[in-house]
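Asker: So the chains spell out like this:
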Amino acid sequence: MPTEHEPASISIAGNGNTPPGDAADPVPPEYGIAYPNVTDGTTLTRDQVFVADAIVVGTGAGGATAAARLRDAGLDVLMLEEGKLHRTETFTTDPGTMIRRLYRDAGTTMILGRPPILFAEGKCVGGSTVINGGMSWRTPERILLHWERVLGLEGLGPKGMEPYFDEAERILHVEPNHEDTFGRNSHLFLEGARRLGWPVEHNPRNMKRCVGLNNCALGCPTGAKQAMHVTEIPRALAHGASLITNARVDRVLFLGTRAVGVRGRLLGEDGRPRCLFQAHAPLVVLAAGARHTPGILKRSWLRGRMIGRGLHTHPNAKVIGIFEQRIDPWVGAHQVFHVHRFLEEGVLIGYAAVPPGILAMGLPGLGEEHAALMSKYNHMLSAATLVEDQSEGRVVLGIDRQPYMLFNLGLRDVETVHRGVALTAELLFAAGAKQVLLPFADLQSIDTIDDIRRIYERPPVAATIELMTVHIMSSTRMAVDPRMGATNASGGVHGIDGLVIADAGALPSSIGVNPQETIMALALRNTDRWIDMMGERRRRGAAVAIGAGQP
Amino acid sequence: MASESTDGSLVTVSRGLLARARLRTLRAVVAAIRPRGHGFDQPIDDDVVAEVAESIRHLPMGLRVWFETGLALVEYGTPLYARRMRRFSSLTPAEGLALLSRWEHGRGLRNALVRGLRFLIFFSFYQHHRVLEALQIDWPGRAATLIRLRAELMHREAESDPASHAH
Chain Z
4 MPTEHEPASI SIAGNGNTPP GDAADPVPPE YGIAYPNVTD GTTLTRDQVF VADAIVVGTG
64 AGGATAAARL RDAGLDVLML EEGKLHRTET FTTDPGTMIR RLYRDAGTTM ILGRPPILFA
124 EGKCVGGSTV INGGMSWRTP ERILLHWERV LGLEGLGPKG MEPYFDEAER ILHVEPNHED
184 TFGRNSHLFL EGARRLGWPV EHNPRNMKRC VGLNNCALGC PTGAKQAMHV TEIPRALAHG
244 ASLITNARVD RVLFLGTRAV GVRGRLLGED GRPRCLFQAH APLVVLAAGA RHTPGILKRS
304 WLRGRMIGRG LHTHPNAKVI GIFEQRIDPW VGAHQVFHVH RFLEEGVLIG YAAVPPGILA
364 MGLPGLGEEH AALMSKYNHM LSAATLVEDQ SEGRVVLGID RQPYMLFNLG LRDVETVHRG
424 VALTAELLFA AGAKQVLLPF ADLQSIDTID DIRRIYERPP VAATIELMTV HIMSSTRMAV
484 DPRMGATNAS GGVHGIDGLV IADAGALPSS IGVNPQETIM ALALRNTDRW IDMMGERRRR
544 GAAVAIGAGQ P
Chain E
156 MASESTDGSL VTVSRGLLAR ARLRTLRAVV AAIRPRGHGF DQPIDDDVVA EVAESIRHLP
216 MGLRVWFETG LALVEYGTPL YARRMRRFSS LTPAEGLALL SRWEHGRGLR NALVRGLRFL
276 IFFSFYQHHR VLEALQIDWP GRAATLIRLR AELMHREAES DPASHAH
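Protein chains in written order, with this note's numbering: chain Z, 4 to 554; chain E, 156 to 322.
If we strip away everything but chain E, and leave its shape as in the complex, we get (with noise of 0.2 Å):
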């Protein structure tokens, strides 16, 4: 399903791949670790989670069910493990923070699963075109130019000696 994003572009928002519940614990999880601050608070909640169920899509069948399965955990682990009669999505993102680092600095499974989340995120995060923007880079500005450079310099070579340029 196609839906409209926080800037005004069109991003797929793959919603039938991951249940409406996880989906909302995963938007719950973006909004608590995502980056903030220094620079990093543009509001693109809504294309990370569209970008991180679309990467999840793309996992081999495992580690997707174990994405699901660790979703379900944050969601419905916060009595066992934030002593908060809450779900996860109902709390503010300071409290899933603070319980989310809580799991980072420990070990085993949620260890696990936190650092695979964080991995999606920060990835979908800072690839974001309005991230890099902040951080004042042109990939594929640079990428642009540099094809083109590359094309007339092999050009010119070419023309200079076609016999070492055939392929």
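Here chain Z stands alone, though its shape is the one from the complex (with noise of 0.2 Å):
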């Protein structure tokens, strides 16, 4: 990649990161893991210009994916990623060091509407997958057939997709915990199911024997989690791509109709910015979120009608159930299990082990009477049921040119959320559950299993509930009719060349299900067709749009 400045490598012990150990005091083989043609934004002091054969903004589940296999096809590939490079080795316990380091805003995200709903996401290299619970489901089957069949999106059908997602799992390397790694909370869990004859899945998750640390959502300091920065990152960047942190892309450039690269700043230490640059290439890709994304596109003045519609959220509620033996849920692995039976009504049930901290965050009370139930954290397993919501929101750009979310959760949704914590009650009191704490505002616990009537007798009113999520999706849909999506069946902006999109943000629905592999899948898929276009255009000379269009 010609540049005005040589990407420098980041070497192991001059950042005083641990070497890799030998036998008599070995390291995870994670911690030796070389970063080559990486730069930091923040040494750069002057205006840049980068020239590449394809750029990709952004470094989560669908940019690293995309990179490396626009890498292997040949390409002189520069990934753009606003956040930094943090290595296995420096991640720590400390979810406050954790999440000011890892996350967007610190975690303070909110999506706005009724109700408001707190969202989480990565900002560093390897995006979300640095901080998700490595949970790697394929796609329903029926949400394919109906992508295909309904949608018309021709290939994304179960058949269509399988090698696709046969790959993402050899790169994420999937495999179920072993069962030395299972906490109470996991039996907990499995025997209320199992009481109440429910079928428990056991979890398939991206990570070489992870041991139970439980520490996936503030990064895996052991390395078993499989996530970008210790996959696909480090082989693209081993076989030629570039990457440049603390690199914050502004808008796309065009040429016409033509994406010709983007513009943005480079940012300091303190995160503001100190300089910008420019990126040229026949090929952009967005990978920046299904948040960020249509924030560039509109900052990019694209007019598209669908560009950050059809927003999808997957809401989580959280229900905690007290038990009267000790649980310690902070030991065990993270979600072994899922319960899968409710999928097709819309309602997927699991739970994690969260740290007091951000426990305390949603339980209700102050002073004394908070601390009444903090004390038992130890007797807490936290359940939570996520929706495949149908209800559809938007980004928008606010006065400060950031995009933002709205999102109103319909009447139907309402429901499945009520559906959803009365069947994970349920389950909380079959595992023998004194007492359940609610997401609802007028109707925070009940006691006995017979009080779960009373979450259907409440009026479904939107603004009683507590939600998160980090999952959102499909604010740049695909869809064949430009006035239904804002991409095509291959993922590329509807009408400009050259400009595609590789995050959740093309996803055509909800999906009900921990999107990760399915943004691999999809995003594995459409870079090949871009491969296949790019060829056709060298060889036909530029008459083949790359990505616009119909394939």
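Calculated directly from the structure, the hints in this document are not laboratory data. Treat the hints with care, since some could be wrong.
Derived, one-sided and incomplete: chain Z residues facing chain E with beta-carbon distance under 10 Å [to be verified]:
{"#": "1", "residue": "Phe94"}
{"#": "2", "residue": "Arg107"}
{"#": "3", "residue": "Asp108"}
{"#": "4", "residue": "Thr112"}
{"#": "5", "residue": "Gly215"}
{"#": "6", "residue": "Leu216"}
{"#": "7", "residue": "Gly226"}
{"#": "8", "residue": "Pro359"}
{"#": "9", "residue": "Gly360"}
{"#": "10", "residue": "Ile361"}
{"#": "11", "residue": "Glu372"}
{"#": "12", "residue": "Asn381"}
{"#": "13", "residue": "Leu400"}
{"#": "14", "residue": "Asp403"}
{"#": "15", "residue": "Arg541"}
{"#": "16", "residue": "Gly544"}
Here the structure is a predicted model, which means the values were calculated and not measured. C-beta atoms are modelled at their ideal positions from N, C-alpha and C, and glycine is treated no differently.
Build the complex: two chains, separate frames, hints provided.
Answerer: Spelled out as structure tokens, the structure:
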């Protein structure tokens, strides 16, 4: 990649990181990963111009996958990442430190609407894959059939997508947890489902020999979670791709209806813009996430009606069971099991161990009242229901030119949340809970299984529900008709040549399960199409548009 | 500015990040709503205030301004909302708690403000090492053990099958 600034390699020893250990004092193999061709944007003090064959904006599940695939095809790839590169050996168990380092806005982003929904996403090399729970579910078959048969997106059916799911699982090293990593919360969750006769899914997770530290959401210091910063990013870099960190993209550059690059700012250590950069390439891949990708498109004065529309949020409602016996919920692997029995109703039931500081934020009361609840922390099983939402929100630009998410939970989704919370409470009581704390302002706890009916007796009012999410999607969704989605059946922005989307925004609809593997499989499929189009263009001159129109 | 915390460890009290008056209000809010009783009587208010001030520094600009404005509302809103001709920081913790409890159960911006404050204060409080000790939680110790365990497992696996272990 010819640039005005030669990318520097990050050396392990030179950054005070722990070098790989020997047999006597071994360290996890992920500690020794090399990151060549990385430029720390904070070290650049003058305006810069970069040139490549393909620019990839964002290094999460979609961006890193697309970048590695493009590099494998022989393209000169430049990755641009707004966050920093944090090596595995720098991860700690301190939530305050890690949330400030790895999360956008220190984890305080809100989706505005009824009710407001707390949203967390990664801002670092590897994106949200660094902070997710490592769930690697394929898209449910009924969703893929809907995409192919109802939405007319050819090749997105179960058969067409199977090789891409296989490939994604190979990259991610997907495996279930070993039994020796199960905590008491896992055993209780299993027991509750067994007593109700509900089948339980053993979660496939992207990891190599997880030892159950349960620090997934703060970055995995054991190196077990195979996030993008230990898989596709170092692989792409080792094969010659380049990465610039602390580089925030503001907008896409165009020549007529052809994307020719991006423009943005290099950030200082304090996160403030220091100098400008431009990057030029015939292929621009946006993978900044379902909030910021439409933000970049809107700042680029693209006025496609569907850009930012169709936002889905996968709302999560927390349900906490308090048990007589001690559970020690912080001991044992994160989310070993799910209940998928109610997926067709739009309800997924899971559980997770949450650090006390984070759990405390969601419990009611102040002062002594709050202390009384938190004194039972070691007796709590924190479960949750994830809802496959039907409502659609929007991403809009604020007066500060930043993207904001607007989403109102519709009546049908409110009812699905009630159903999911009721089912989760039923599981917890079946497991032996003495009290269940609910995410409703007008019904904060129930003490017996018979009280579950009170959930349904309340009016279905969205404003009384406390929700959070870590999955947003479909804000630049794929659709055959430009009036239905911002991108076409290959993830290319309708009407623009050389501008494609490779993040959760491209998902045609809400999928009801953790989206990491779906994002990767779609990125693999679409990247193959872009590579074919670029090859075709080379053979036939510039007559073939990359990504634009229908392939 | 670095100051000595209550337990003797050095913490960074970012006084410059919040105006002195807002810091006084924040300290009064912490005293009012902090968990107490049930094993949570650790004298760590200064550490919590410092941690909250540091967290506010990492919020987006809009939220930072909102917090500053909200703290001013708390400080000077007492005549209107508590019928007391005193600033919030002059109230006793019990009086402060009573006022903020009403706001917590109300609606609109005051409810959102209390939710935001409890969000930051409870997070800082319950992640304090003395509180974690009281809860008998040793996440860092467990991390050290498990990092080593996995390293040994992977090392053994690499020795038995070097081909599958190549990065």
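Asker: Against this structure, judge whether each hint is valid.
Answerer: Right, here's what the structure says about each hint:
At a threshold of 10 Å, the smallest CB-CB gap from Z/Phe94 to chain E is about 9 Å, leaving the interface hint in force. Nearest Cβ of chain E to the Cβ of Z/Arg107: about 9 Å, under the 10 Å cut. The hint holds. Hint status for Z/Asp108 relative to chain E: holds, with the closest Cβ pair at about 5 Å, below 10 Å. Checking Z/Thr112 against chain E: minimum C-beta separation of about 8 Å stays under 10 Å; hint holds.
Interface restraint check: Z/Gly215 against chain E, minimum CB-CB distance 7 Å, threshold 10 Å, status holds. At its closest, the beta carbon of Z/Leu216 sits 5 Å from a beta carbon of chain E; the interface hint therefore holds under the 10 Å criterion. A cut of 10 Å between beta carbons decides the hint on Z/Gly226: the least distance to chain E is about 7 Å, and the hint holds. Below 10 Å, beta-carbon pairs count as interface contacts, and Z/Pro359 has one with chain E at about 4 Å; its hint therefore holds.
Checking Z/Gly360 against chain E by beta carbon gives a least distance of about 4 Å; that is within 10 Å, so the hint holds. At its closest, the beta carbon of Z/Ile361 sits 7 Å from a beta carbon of chain E; the interface hint therefore holds under the 10 Å criterion. Interface restraint check: Z/Glu372 against chain E, minimum CB-CB distance 9 Å, threshold 10 Å, status holds. Hint status for Z/Asn381 relative to chain E: holds, with the closest Cβ pair at about 7 Å, below 10 Å.
Because the smallest distance between the Cβ of Z/Leu400 and any Cβ of chain E comes to about 14 Å, over 10 Å, the interface hint for this residue is violated. A distance limit of 10 Å between C-beta atoms decides the matter here; for Z/Asp403 the minimum to chain E is near 7 Å, and the interface restraint holds. The beta carbon of Z/Arg541 comes no nearer than 33 Å to any beta carbon in chain E, farther than 10 Å, and the hint placing it at the interface is violated. The restraint placing Z/Gly544 at the interface with chain E is violated, with a minimum CB-CB distance near 41 Å, outside the 10 Å limit.
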